[in-house]
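Novice: Okay, here's what each chain looks like letter by letter:
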Amino acid sequence: MTEENIRPPLSVRIRPWLIALPALLVLIGILYPFVTAIYYTFTGYQLNRPGSANNFVGLQNYWRMITHVDFLYSTYITFAYALLTTGVELSLGLLIAMLLNRESRVAKILTPMLIFPMVIAPVIGTLVWKVMMQPSVGILNPMLNAIGLPSLEWAAAPQTALFSVVLVDVWMFTPFAALILTAGLRSFPNAPFEAARVDGASFWFTFRNLTLPMLMPFLTIVVVFRLMDSLKMFDIIFAMTEGGPGNTLMTYELTAYRTAIQFQRLAQGLTYAVLLYIIIYISSQYLIKFWGRAQRRAAGF
Amino acid sequence: MAELRLEHIYKTYKGGVEAVKDLNLTVKNGEFLALLGPSGCGKTSTLRMIVGLESITRGEMYIGDRLVNKLEPNARNVALAFETYALYPPLRVWENIAFCLRAKSIPPEEIHRRVMEVATMLDIANILERKPSELGGGEKQRVSLARALVRDPDVFLMDEPLSHLDAAQRANMRVEFKRLHAQTGRTTILVTHDQLEAVAMAERIAVMNFGVLQQVGSFEEVYNHPTNEFVAGFIGEPPMNFLPGKPVSENGATVLDAKDGSFRIRLPDAAGAKVQTSKAELVDLGIRPVHLEVTRGEPELGKLEIAATVVTYEDLGEEGQLAAKVSETNVLVVTPLI
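Read top to bottom, the protein sequences are chains E and H. Residue numbers for the first sequence follow the working numbering, so the first one is 1 and each next one is one higher. Residue numbers for the second sequence follow the working numbering, so the first one is 1001 and each next one is one higher.
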C-alpha cells in the first residue's frame, strides 16, 4: 500500500466541512429567505388568507405592479429621492472636505464633530426634525420668518414633502461623504500639488485636472454607499410622513411595506422588494466596476 | 534668464527653528551653482523660499531686478525639478509636460510645438502617451525636467535630482544636466548633499551648514582653501584627518607639537602667525588622506613625519585605505595597493 492510498481518519476528513460550516449556515440564513421571497412573488400569498401561499399565479404580481396606476410615480419618487440626496450629499461633502483639508485649528476641531449626526439613530433624528418643522411649536418657521421668508408647511404639504425628507437625509449623511472625502484628500502626496502651484495652475485648473481625478475613487465610494442606501431608504420617510401626504413619498420601499404589512398582501409587496433588489444589484455592479477603473486611473495606470 | 540675488535672508519656522540665517548669495545670469550641505543644513528651505513654496521670514530676494518676496510661485517664473519628481499621477506624460502651458491658456499648436521640442531634447518623445506609474526612475526624472524646462523659466532649480537613481543612471544624468545647461544657458541651482554631483556639474559650490552659508567658490577654492574646519572636513572623499596639537614658539616660527610626541611640525609662516594671534591652546591640523604617505624609518628629505600605529588596512581594488591611530586620534591614509 503506498502512502497516498491511506485513507485519513474521519476526524481529519470532516475538518474542511467543519471549518466551512459557519459560512454555510450564514449562506443558508441569507439564501433561504431570499429564495422564499422570490418564490412568494409568484404566488397569491396574503397574510390574512391561510393556504394562499400555495396558490401559484405566475407573473401576475409583476404585471399588476407595473400596470398599477401609481407605479410610474413610485418609480419617479424612488429615484428622485435617491439621486437628489446622493447628489447634494456628494457636492456638499466635497465642499466641506475641501474646506477642512487645511492645517488650521478650526479644521482640527470641526473634523471630529462631523461624526455627530451619524451616531444618532435615523428615526430619532427624523423625529427631532419633525418637531422643528412643526408649524405651531417648531423652530424652523420662525427662523424663516426672521430672514423675511414665508412659513412653510414642510412635510405636511405635497409641494415641500420631498424637500423636507431630503433635507433630513442630507443633514444625516453629508458628514459621511465629507469624512470619506477628507480621508481621501489627506491621503494625497503633497508634492504634485506644490508642483502645480509652481506651474502656475489656478485653483480651478488644479481641481479639475489633478484633485478630481485623484479623488474619483473616493467619490465613487460615497456614491456606491449613498445611492444603495437611499434607494431603499425607509426610516426617514416613514418617521416623517409614513409615505404621505397622500402618496407623495410612496417610494418602492414604502409601497412594499404598506402593501405587504398594512394591506397584508405579502406576495404583491415582495414584488416591489424584488424589483428594488434587481435595480440595486445592477447599479452596484456597474458602480463597483467604475470604482476599480477610477482607482487605477487615480494611481496613474 | 536672470540673476538671482539673496540679501540677508532668514527663515524661522513656527516653534523657533532657525533653518536659514543671514544668507547672502548671488547666482549670476546663466551660472550653474550647487547648494551643498548635510541634511538639515537649510539648503532645501532656501530652495523652497526661492521657488515661493515657503515664505521668507526676513531679508530680500531679487530675480533680475524684481523683488519677489511676496510673489506667488507662478509669478516668479522659476521652475523646480522635485526630489520625488512630483509628477501628476492621473495624467499622461504629455499632459504632465503641457500642464503649465495649458494652465496659462497658451494656444494648442504652440503647446504641441514646445512639448515636442523639450521631449526631443530630453529623448522622451516615445513615452509621451504613458502614465507616470509605467515609467522607470530615469524616465520619471526626464519627464520632471521636461516639465520644468518647457516653461522657459528665469531660474531653474533642482532638488536632489539624482538621489533616487541607480549608479549608472546617475552618471548618465550628470552628463545630461551639463549638456542641458550648456545648451540652454539657464541660471541653474542644484541642491544636493552629494559633493560628487556638485563637483561634476556646477561651476560654483555654495556650502551650507546649520542654516549658515559657509563658503562659496569653485571646487578648487573650497577644496584647497576652505574657510573653516567644517568646509575642510565636508569637501573631499575620504574626509580630511584632523590632528590636535599644541602650538609652541620656536626660533620665531610656530611649531605644532603632539601631546605624546608622535609629531612635531613647523607651520608655514602665514599659518603660524595666524595661530600666534589667536592664542589658541590647542590647534587642529588638517591633512587630506591622499596627502599622507606610509613609510618606514627615517622620512625622505623635505617631508614631515608623523608617528602612527596601524589599525586596519582595506583593499578597495584600485587603491587601499589604511586606518591608523596617531596618539588617540583616528587617521585615514589613501595608499597605493600593497
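Hints should not be assumed to be uniformly reliable.
DMTMM-like, lysine to aspartate or glutamate: derived pairs with alpha carbons at most 20 Å apart [stated by the list, open to error]: (1) K1070/H x D235/E; (2) K1246/H x D1257/H; (3) K1279/H x E1318/H; (4) K1014/H x D70/E; (5) K1104/H x E194/E; (6) K1104/H x E1083/H.
Over the 10 Å line for every Cβ pair with chain E, so calculated as not near, a few chain H residues [to be verified]: (7) T1026; (8) E1072; (9) T1084.
From the structure, some residues in chain H lie toward chain E, with a derived Cβ separation under 7 Å [what the hints assert, rightly or not]: (10) N1074; (11) P1089; (12) P1090; (13) R1092; (14) F1099; (15) N1126; (16) I1127; (17) L1128.
Worth flagging that the hints you see were computed from the coordinates, not collected in a lab. Idealized CB from N, CA, C, for every residue including glycine.
Novice: If a hint holds in the structure, say so; if it doesn't, say that too.
Specialist: Results of checking the hints against the structure:
no.	hint	result
1	K1070/H x D235/E	violated, 55 Å
2	K1246/H x D1257/H	holds, 5 Å
3	K1279/H x E1318/H	violated, 43 Å
4	K1014/H x D70/E	violated, 65 Å
5	K1104/H x E194/E	holds, 17 Å
6	K1104/H x E1083/H	violated, 25 Å
7	T1026	holds, 22 Å
8	E1072	violated, 8 Å
9	T1084	violated, 5 Å
10	N1074	holds, 3 Å
11	P1089	holds, 4 Å
12	P1090	holds, 4 Å
13	R1092	violated, 9 Å
14	F1099	holds, 5 Å
15	N1126	violated, 18 Å
16	I1127	violated, 13 Å
17	L1128	violated, 15 Å
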